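Undergrad: The chain contents come next:
4 protein chains.
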Amino acid sequence: MQHVTFPTSRTFDFAAIGRLCIDLNANEINRPMEETMTFTKYVGGSPANIAIGMSRLGQKTAFIGKIANDQMGRFIASYLQREGIDTSSVTVDDTGAVTGLAFTEIKSPSECSILMYRDNVADLLLKPEEVSEELISQAKLLLISGTALAQSPSREAVFQALEYAKKHGTVIAFDLDYRPYTWKSAEETAVYYNLAAEKCDILIGTREEFDQMEMFESNPEHDDRVTATKWFSYSAKIAIIKHGKEGSIAYTKDGSEHRAKSYPAKVIKTFGAGDSYAAGFLYGVMQGWTLEKSMEYGSAAACIVISSHSCSDAMPTTEQVEDYIKRCERGEITAS
Amino acid sequence: MQHVTFPTSRTFDFAAIGRLCIDLNANEINRPMEETMTFTKYVGGSPANIAIGMSRLGQKTAFIGKIANDQMGRFIASYLQREGIDTSSVTVDDTGAVTGLAFTEIKSPSECSILMYRDNVADLLLKPEEVSEELISQAKLLLISGTALAQSPSREAVFQALEYAKKHGTVIAFDLDYRPYTWKSAEETAVYYNLAAEKCDILIGTREEFDQMEMFESNPEHDDRVTATKWFSYSAKIAIIKHGKEGSIAYTKDGSEHRAKSYPAKVIKTFGAGDSYAAGFLYGVMQGWTLEKSMEYGSAAACIVISSHSCSDAMPTTEQVEDYIKRCERGEITAS
Amino acid sequence: MQHVTFPTSRTFDFAAIGRLCIDLNANEINRPMEETMTFTKYVGGSPANIAIGMSRLGQKTAFIGKIANDQMGRFIASYLQREGIDTSSVTVDDTGAVTGLAFTEIKSPSECSILMYRDNVADLLLKPEEVSEELISQAKLLLISGTALAQSPSREAVFQALEYAKKHGTVIAFDLDYRPYTWKSAEETAVYYNLAAEKCDILIGTREEFDQMEMFESNPEHDDRVTATKWFSYSAKIAIIKHGKEGSIAYTKDGSEHRAKSYPAKVIKTFGAGDSYAAGFLYGVMQGWTLEKSMEYGSAAACIVISSHSCSDAMPTTEQVEDYIKRCERGEITAS
Amino acid sequence: MQHVTFPTSRTFDFAAIGRLCIDLNANEINRPMEETMTFTKYVGGSPANIAIGMSRLGQKTAFIGKIANDQMGRFIASYLQREGIDTSSVTVDDTGAVTGLAFTEIKSPSECSILMYRDNVADLLLKPEEVSEELISQAKLLLISGTALAQSPSREAVFQALEYAKKHGTVIAFDLDYRPYTWKSAEETAVYYNLAAEKCDILIGTREEFDQMEMFESNPEHDDRVTATKWFSYSAKIAIIKHGKEGSIAYTKDGSEHRAKSYPAKVIKTFGAGDSYAAGFLYGVMQGWTLEKSMEYGSAAACIVISSHSCSDAMPTTEQVEDYIKRCERGEITAS
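Protein chains in written order, with our numbering: chain L, 1 to 336; chain P, 1 to 336; chain E, 1 to 336; chain Y, 1 to 336.
Calculated from the structure, these hints are not laboratory results. As the structure is a prediction and not an experimental result, all values here were calculated from the model. No false leads were slipped in.
Examples of chain P residues toward chain E, derived with CB under 8 Å:
#1 N27
#2 M33
#3 T38
#4 Q71
#5 F75
#6 Y117
Simulated restraints on C-beta separations:
#7 E:T11 / Y:S9: 51 to 59 Å
#8 E:G58 / P:T38: 27 to 35 Å
#9 P:S9 / L:R225: 26 to 34 Å
Every residue, glycine too, gets a C-beta built ideally from N, C-alpha and C.
Start from the sequences and build out the full structure, keeping to the hints where you can.
TA: Put into structure tokens, the structure is as follows:
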């Protein structure tokens, strides 16, 4: 059964809007960052990672965002272009803003943290009048990410993008991607997450992220079905609630729920798991696969990324995902 | 025909959320403000005026807002209380914010302007968590006003109030009340006005205010019917578009339009016309009157206010409105 | 003995830099402001009051400051011009700043308070490049006021004015005029007050204001002589420490101290006492009078102002001051 | 001749106040930063580099500053401690500020630039009340750096440090270190640089930095002697004006000027030249050497740093400086 129907005859399979930043990944790992002396630079930011993932999976992809007018910004633009992503809607800041940074600390595969630089960053300066209605009308699927809602004018740019997507029948996926750094309060977060979620067809988030959205509501048991059902009375057709190692559950508007098996991995770090999962899952849904198969595909893509040093650079191709699944099925990969 | 159905068995007929401020009206008028030496103090702010108007018309009324912890704030609270308005949801700022001010300049009955003090004002500091779900669930009608959307956290407080009103079936009226002072850009304004308007049952604004909301859209002829029809696909049942002296037109979801005659007045100034019109009109709709009769009632209330020195203090009772209409019908009042 | 020598052959006797604002004085007094319904508008701000006072006393006076581009700003400029004050160095803000306001509350002659509006005010936006070196080089005496040090860029404008005054031998008087509203911290205040005071010839302040400046120092007994002596090792020649009703003491660089008798007054309110005292005192010093006589002249000027409803408007002429002194000497005026 | 006399019997030879940050130096050099993929982390910031340099030269050194409460901040503190620098006056921010960053780009030995992250940085949050009078009273020499004057409250902390140094007879050196990033305007910069320079014994800056300070003055020929002479009427005894490759000139209060020969170097990058020069020069002055010998010592120290990949890490010991000078004298080192 098709839970979501995508428009056809469009220039782009996929467009993402939001954060473009730089990851500075610790080269010497399994220690506190105080003792890390060198860092390697990668393109980062959840929607950037997902867009790179979708492009690697063969989808015609575009990005809507803003970069700093500096070396970091130019690196991001040229990386996206090399990946075959359309950057005609990636504008360049003219106010002296900087590129957001994320220094990663990997103390152990399960103790990972991030040191963020999010003051005066270019990506949050995207304006609603810089969002291209034409591009959104030419995409089958638009992905928005919660971090872009954190501040004005990027917040208004996302709402404007949602308006265009609704007007033109572009399917909307919302990766909650809640990062407390740039938000002023939990209440502010809840208000805008809810306003955005009302307009989206596919919601993807962790249990904790959905809890954040429900702070003004009564779901004291944090019941997944209560959470998902609310959104089906608005625009949603699929709501995926992620429970970390316990796996994810996809709820659908017809009242059913879907679970998929996961794969083993030799984990280096947990960063990027969600982004590669989202890319793999959305790819599957766009191919018309069952939710179970799509979720397994996302899961395999995530395993590949968490077994690698980077996020964006490690996003797999279809060949790599399929190979990983086969190797798991042959028992060649076991958990670390 | 009833265009809007109100819930019954509720504690309050009417609740308003938003701006509470002080008007300082020129005592010596028909001159530039440079030459005005004394000013008289009144409670002001569009939703405050409408609430006072509704209370004078006999409606059980409550206010949701925030006042400064100073003499001006205390004056506002005690004035509302003397008018019989419930202020249990009027909170007191604890950050050192001030009370918004509006100095009025009346050069002539048709040349009126306002000098606003809107920096660091208490009313824009109302937080979403200070909005009482209980109070909104106990009101038949909630009025929101556009100025409260201009800044955080008041903006989020209004969206939270809308969420509660939708949840509990409280009818929502939106007085656009667009004041450019506190907004950062026209685009920001358009985005939030649209997000709010989607959730409202009754929209009231001038042609210019609706134009502001439509800046991202294609209504090059500024066609009233195009404007109104958009909102009927969301929550709206009635949209009133005001054209100043040419009168107002009420569009309804059934596709009909309604016009009403207006009354003559000896105009002192134009301030407060919109607020008294809104109070009179909403009163009529709540009584189950036709839109034409409700609009005429609003029109008469407006005439009384523009013939007076103040806004809030001049809001009429039902006796005063009815008397004004009768005197007009008897030809006792002619235009100035 | 002459404690300070003024340059001769200059266009202006007196120039002041700093705050220009509006006082809104309660018309109905001896009650809390909540119950005051009308207010009268006057030019206000300590340096503005002193400049008006000096001009009324016959001194050729100029002002360096910034006004809002609105009706309040234009009222201030025209009032100063009518008083014969040169406003060629009063610039007009172009950023949308407002005019500072001070609502006065007079509960009783001894219980007076002020409700200030100091957010986004034009006077604090005076820039160093807007300070005229030419004008300062053509003034005998420059008065600076502490409030202008509270924020950038006005703070830098005052330091630039001090630089020009030192360069051209213009005598500098510093009226401490400490108003906590616009300062971020007591420590910040102390740092800039001290940097400015080092460069000044005449210091005038209350004991509490000098205490504020000494917060990083050791004067646990709040000893006036310790306070004054510090500044004589920098530029100061005279330091006046005011003790309210107990009178003022002038310390001089030669180690002597000077006290003067005060006059009775029928007090309406205490506002403006310090400003009129400063004008009268500085006028006396510029005439070459003894400090005692200058202080008495300041004291009489203060009595006239506190017996009136306004500050700026009540600043006396030499005839009025001399008449007041004579009437006191004849026993015609007794304390209220 | 001794141009400056240092106090004796003090715990510390040297104390510095101001910026503590992180340098992220490109590992792959001689290319634009867009193509640099890995960066190495070092402690940075002009006063930090000078303090590390002084400690390496055997001086008992302390630092007054503020670090972020994160991994970068802790790395800085532990690095300073390992270098033997007293960090009892290095406080930890509690507001969520970050550590300033400087990414270096080395396109060629003569084309070096820096990408700065200076928003919301901890070092600019040092408060005047966090400056230890005790520590400054126990230091022979206090170094201030211009970047710490760029914003409040760090600006006030530096002025408070100057006040303590004057009070206790601690010699003050001012490394102008002008970085436009964090300053609001050139006029603001000039005002505070001048206020600080008035109080300093030794001034060190480039011709361009002194030009910046003189923007309100008349030195149209940018004459070094005019520049230096101004400060000798305040507190200065030595003013060093640096002319890049053309060498530096030291002016002294007695009217003489001093030049020193420079040394050849195989330059990797120019970063850190000024800081190592300052450390070497101040070390020499504190040893009672002639200005010429002190300047040559500074010059040799600078050569060592610009021949290395880092700044702080490359600061030389006395053995290294002396060895470098000897090798130059033997002709073993020639310019790159």
